[in-house]
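Visitor: Residues per chain are reported as follows:
Number of protein chains: 2
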Amino acid sequence: MEKIAIDMNHFCLPWVQTILGTHLNDKPNFMALDWVTRVNYKPVMMGAGVNKGNASHDAIMDTGEFSINIPTVDMVGVTDYVGIVSGKKTDKSSLFRVFYGELKKAPLIEECPLRIEFRLVQTVDLPTNSFFIGEMINAYSEERFLTDGKPDVEKIRPFILTMPDNRFWALGNVVGHAWKDGAAFREDLKK
Amino acid sequence: MEKIAIDMNHFCLPWVQTILGTHLNDKPNFMALDWVTRVNYKPVMMGAGVNKGNASHDAIMDTGEFSINIPTVDMVGVTDYVGIVSGKKTDKSSLFRVFYGELKKAPLIEECPLRIEFRLVQTVDLPTNSFFIGEMINAYSEERFLTDGKPDVEKIRPFILTMPDNRFWALGNVVGHAWKDGAAFREDLKK
Chain A
1 MEKIAIDMNH FCLPWVQTIL GTHLNDKPNF MALDWVTRVN YKPVMMGAGV NKGNASHDAI
61 MDTGEFSINI PTVDMVGVTD YVGIVSGKKT DKSSLFRVFY GELKKAPLIE ECPLRIEFRL
121 VQTVDLPTNS FFIGEMINAY SEERFLTDGK PDVEKIRPFI LTMPDNRFWA LGNVVGHAWK
181 DGAAFREDLK K
Chain B
1 MEKIAIDMNH FCLPWVQTIL GTHLNDKPNF MALDWVTRVN YKPVMMGAGV NKGNASHDAI
61 MDTGEFSINI PTVDMVGVTD YVGIVSGKKT DKSSLFRVFY GELKKAPLIE ECPLRIEFRL
121 VQTVDLPTNS FFIGEMINAY SEERFLTDGK PDVEKIRPFI LTMPDNRFWA LGNVVGHAWK
181 DGAAFREDLK K
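Just so you know, the protein sequences line up as chains A and B, in that order. The working numbering numbers the first residue of the first sequence as 1 and each following residue consecutively. The working numbering numbers the first residue of the second sequence as 1 and each following residue consecutively.
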């Protein structure tokens with residue numbers, strides 16, 4: 001089958017949709033964030049790729065704190081809105097009910113089932129973006145989103161962004177079980 | 001509603017499931033990779049968080065090249081397998097049909113609908129992991145996975161990992177449209 005080199009901005013990985021929380025001019029500010037991943041096992045660190053032109057970029061540089069909030073499928077509209085409207089022009093501080101954990105410049109979104117506060121530990125300077133690495137200080141949820149004390153993804157109902165089609169997706173069917181299906185595959189290899 | 005601080009290893013974001021390709025002892029080697037995101041807009045860069053104990057870690061340090069391959073829902077077993085078996089003990093070079101793009105130490109997986117080759121540009125040294133930042137050299141697909149020349153996520157059929165439940169998920173229903181739902185939300189705000 002012929003391999004086709006595709007446009008490099010069209011590579012179509014699904015990204016978890018989150019909302020980045022920062023303090024801008026001493027007020028809460030929010031931005032849709034898809035370029036995010038865990039980066040370190042212990043201590044728990046995550047990183048966020050933020051364009052240098054975004055207000056959130058300067059806010060993190062300024063305060064050294066940020067939050068990552070996981071919206072539900074019911075929050076698609078407002079999540080997309082905070083991604084298309086700049087904090088430089090629009091005050092987004094009153095869009096959500098906000099609370100704080102240990103950090104006072106990392107606003108946490110009440111409406112989101114999962115909210116994580118981070119202290120910036122390293123800024124990786126890249127050509128158009130900074131990659132902000134934060135140490136997780138606390139992750140907050142509520143009893144109604146937990147099962148046996150652990151976050152339950154079916155109660156949290158996160159969503160996913162794909163490009164270049166620009167669609168948001170709910171999770172669908174369970175197609176396998178990590179650490180089990182691989183063990184079964186290994187047994188099959190031995191036969 | 002009371003906010004509960006949850007175990008910091010149980011924060012339950014959905015991660016896109018990929019397979020990291022490297023050259024280990026001059027042979028292809030593969031590892032399940034979930035800690036991955038785009039980090040820079042232009043040039044296109046992505047980053048991968050790899051534990052320092054993994055064979056893939058030393059392979060990237062050694063060659064300065066790697067690949068990221070997107071498996072389909074039909075490849076759950078083998079993808080999980082390359083995540084639970086170490087390249088230090090097991091030769092995983094013949095699990096997939098392999099081809100190469102421009103880079104000769106970034107093996108691309110024939111069975112995956114999307115394969116991306118990266119040249120390492122920066123290694124971020126973290127306590128237990130390195131975060132490898134690579135510049136995308138090429139992304140390869142095939143006509144059968146494209147619609148109008150662009151990768152079509154419904155043809156690619158990627159899958160997602162969630163923890164702490166350790167389940168793999170297909171994408172489900174479309175719940176919204178990026179850059180449109182936010183614009184509609186903005187219009188509603190004006191009313």
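Careful: at least some of the hints might be erroneous.
With a straight-line Cα cutoff of 30 Å, these simulated BS3-like cross-link-like pairs (lysine-lysine) come out [to be verified]:
{"hint": "1", "chain 1": "A", "residue 1": "K52", "chain 2": "B", "residue 2": "K88"}
{"hint": "2", "chain 1": "B", "residue 1": "K155", "chain 2": "A", "residue 2": "K3"}
{"hint": "3", "chain 1": "B", "residue 1": "K191", "chain 2": "B", "residue 2": "K42"}
{"hint": "4", "chain 1": "B", "residue 1": "K88", "chain 2": "B", "residue 2": "K42"}
{"hint": "5", "chain 1": "B", "residue 1": "K88", "chain 2": "B", "residue 2": "K52"}
{"hint": "6", "chain 1": "B", "residue 1": "K89", "chain 2": "B", "residue 2": "K52"}
{"hint": "7", "chain 1": "A", "residue 1": "K3", "chain 2": "B", "residue 2": "K190"}
{"hint": "8", "chain 1": "B", "residue 1": "K191", "chain 2": "A", "residue 2": "K191"}
{"hint": "9", "chain 1": "A", "residue 1": "K150", "chain 2": "A", "residue 2": "K42"}
{"hint": "10", "chain 1": "A", "residue 1": "K104", "chain 2": "A", "residue 2": "K150"}
{"hint": "11", "chain 1": "A", "residue 1": "K190", "chain 2": "B", "residue 2": "K190"}
{"hint": "12", "chain 1": "B", "residue 1": "K92", "chain 2": "A", "residue 2": "K89"}
{"hint": "13", "chain 1": "A", "residue 1": "K180", "chain 2": "A", "residue 2": "K42"}
{"hint": "14", "chain 1": "A", "residue 1": "K92", "chain 2": "B", "residue 2": "K150"}
{"hint": "15", "chain 1": "A", "residue 1": "K52", "chain 2": "A", "residue 2": "K27"}
{"hint": "16", "chain 1": "B", "residue 1": "K92", "chain 2": "A", "residue 2": "K190"}
{"hint": "17", "chain 1": "A", "residue 1": "K155", "chain 2": "B", "residue 2": "K180"}
{"hint": "18", "chain 1": "A", "residue 1": "K42", "chain 2": "B", "residue 2": "K190"}
{"hint": "19", "chain 1": "B", "residue 1": "K180", "chain 2": "A", "residue 2": "K27"}
{"hint": "20", "chain 1": "A", "residue 1": "K104", "chain 2": "A", "residue 2": "K92"}
{"hint": "21", "chain 1": "B", "residue 1": "K52", "chain 2": "B", "residue 2": "K27"}
{"hint": "22", "chain 1": "A", "residue 1": "K92", "chain 2": "B", "residue 2": "K104"}
{"hint": "23", "chain 1": "A", "residue 1": "K104", "chain 2": "A", "residue 2": "K89"}
{"hint": "24", "chain 1": "A", "residue 1": "K42", "chain 2": "B", "residue 2": "K150"}
{"hint": "25", "chain 1": "B", "residue 1": "K27", "chain 2": "B", "residue 2": "K3"}
{"hint": "26", "chain 1": "B", "residue 1": "K180", "chain 2": "B", "residue 2": "K155"}
{"hint": "27", "chain 1": "B", "residue 1": "K191", "chain 2": "A", "residue 2": "K3"}
{"hint": "28", "chain 1": "B", "residue 1": "K155", "chain 2": "A", "residue 2": "K89"}
No lab work stands behind these hints, which were simulated from the structure alone.
Visitor: Does each hint hold? Answer for all of them.
Guide: Each hint tested on the structure:
1. For the suggested pair K52 of chain A and K88 of chain B, the alpha carbons sit about 40 Å apart, so the restraint of at most 30 Å is broken.
2. Between K155 of chain B and K3 of chain A the CA atoms are separated by roughly 15 Å; this keeps the pair inside 30 Å, and the hint holds.
3. Note on K191 of chain B and K42 of chain B: the hinted pairing is violated, with a Cα-Cα distance of about 38 Å set against a maximum of 30 Å.
4. A C-alpha spacing of about 35 Å is found between K88 of chain B and K42 of chain B, which places the hinted pair above 30 Å, so the restraint is violated.
5. The suggested pairing of K88 of chain B with K52 of chain B holds, with an alpha-carbon distance near 13 Å, which does not exceed 30 Å.
6. For the given pair, K89 of chain B sits about 16 Å from K52 of chain B by alpha-carbon distance, which is consistent with the 30 Å threshold.
7. Distance check on the hinted pair: K3 of chain A and K190 of chain B sit about 48 Å apart at the alpha-carbon level, beyond 30 Å; violated.
8. Note on K191 of chain B and K191 of chain A: the hinted pairing is violated, with a Cα-Cα distance of about 67 Å set against a maximum of 30 Å.
9. A C-alpha spacing of about 19 Å is found between K150 of chain A and K42 of chain A, which places the hinted pair at or below 30 Å, so the restraint holds.
10. Taking the CA atoms of K104 of chain A and K150 of chain A, the gap is about 26 Å. The hint holds against a cut of 30 Å.
11. With a C-alpha separation of about 64 Å, the suggested pair K190 of chain A and K190 of chain B falls outside the 30 Å cut-off, and the hint is violated.
12. As the CA atoms of K92 of chain B and K89 of chain A are separated by approximately 52 Å, the hinted pair breaks the 30 Å bound.
13. With a CA separation close to 24 Å, the supplied pair K180 of chain A and K42 of chain A stays within the 30 Å bound.
14. A distance of roughly 34 Å separates the Cα atoms of K92 of chain A and K150 of chain B; the hinted pair therefore is violated under the 30 Å criterion.
15. Using a Cα cut-off of 30 Å, the hinted pair K52 of chain A and K27 of chain A holds, with the two alpha carbons roughly 20 Å apart.
16. This hinted pair checks out: K92 of chain B and K190 of chain A have alpha carbons roughly 14 Å apart, not beyond 30 Å.
17. A threshold of 30 Å between alpha carbons decides the hint, and for K155 of chain A with K180 of chain B the separation of about 26 Å falls inside it, so the pair holds.
18. Proposed proximity of K42 of chain A and K190 of chain B is contradicted: the alpha carbons are some 46 Å apart, above 30 Å.
19. Straight-line distance between C-alpha atoms of K180 of chain B and K27 of chain A comes to about 27 Å, which keeps the hinted pair within the 30 Å bound.
20. Between K104 of chain A and K92 of chain A, the direct Cα distance comes to roughly 17 Å. Compliance with the 30 Å bound is thereby established for this hinted pair.
21. Of the pairs offered as hints, the one joining K52 of chain B and K27 of chain B holds, with about 20 Å between alpha carbons and a cut-off of 30 Å not exceeded.
22. Of the pairs offered as hints, the one joining K92 of chain A and K104 of chain B is violated, with about 48 Å between alpha carbons and a cut-off of 30 Å exceeded.
23. Taking the CA atoms of K104 of chain A and K89 of chain A, the gap is near 23 Å; set against the 30 Å cutoff, the hint holds.
24. Only pairs whose Cα atoms come within 30 Å are accepted, and K42 of chain A paired with K150 of chain B is rejected, the gap being roughly 38 Å.
25. For a cut-off of 30 Å, the pair hint linking K27 of chain B to K3 of chain B is broken: about 50 Å separates their Cα positions.
26. With a C-alpha separation of about 23 Å, the suggested pair K180 of chain B and K155 of chain B falls inside the 30 Å cut-off, and the hint holds.
27. Under the criterion of a C-alpha separation no larger than 30 Å, the hint pairing K191 of chain B with K3 of chain A is inconsistent with the structure, at around 50 Å.
28. Our distance criterion of 30 Å between C-alpha atoms is broken by K155 of chain B and K89 of chain A, whose separation comes to about 39 Å.
When each numbered hint is compared with the structure, violations occur for hints 1, 3, 4, 7, 8, 11, 12, 14, 18, 22, 24, 25, 27 and 28.
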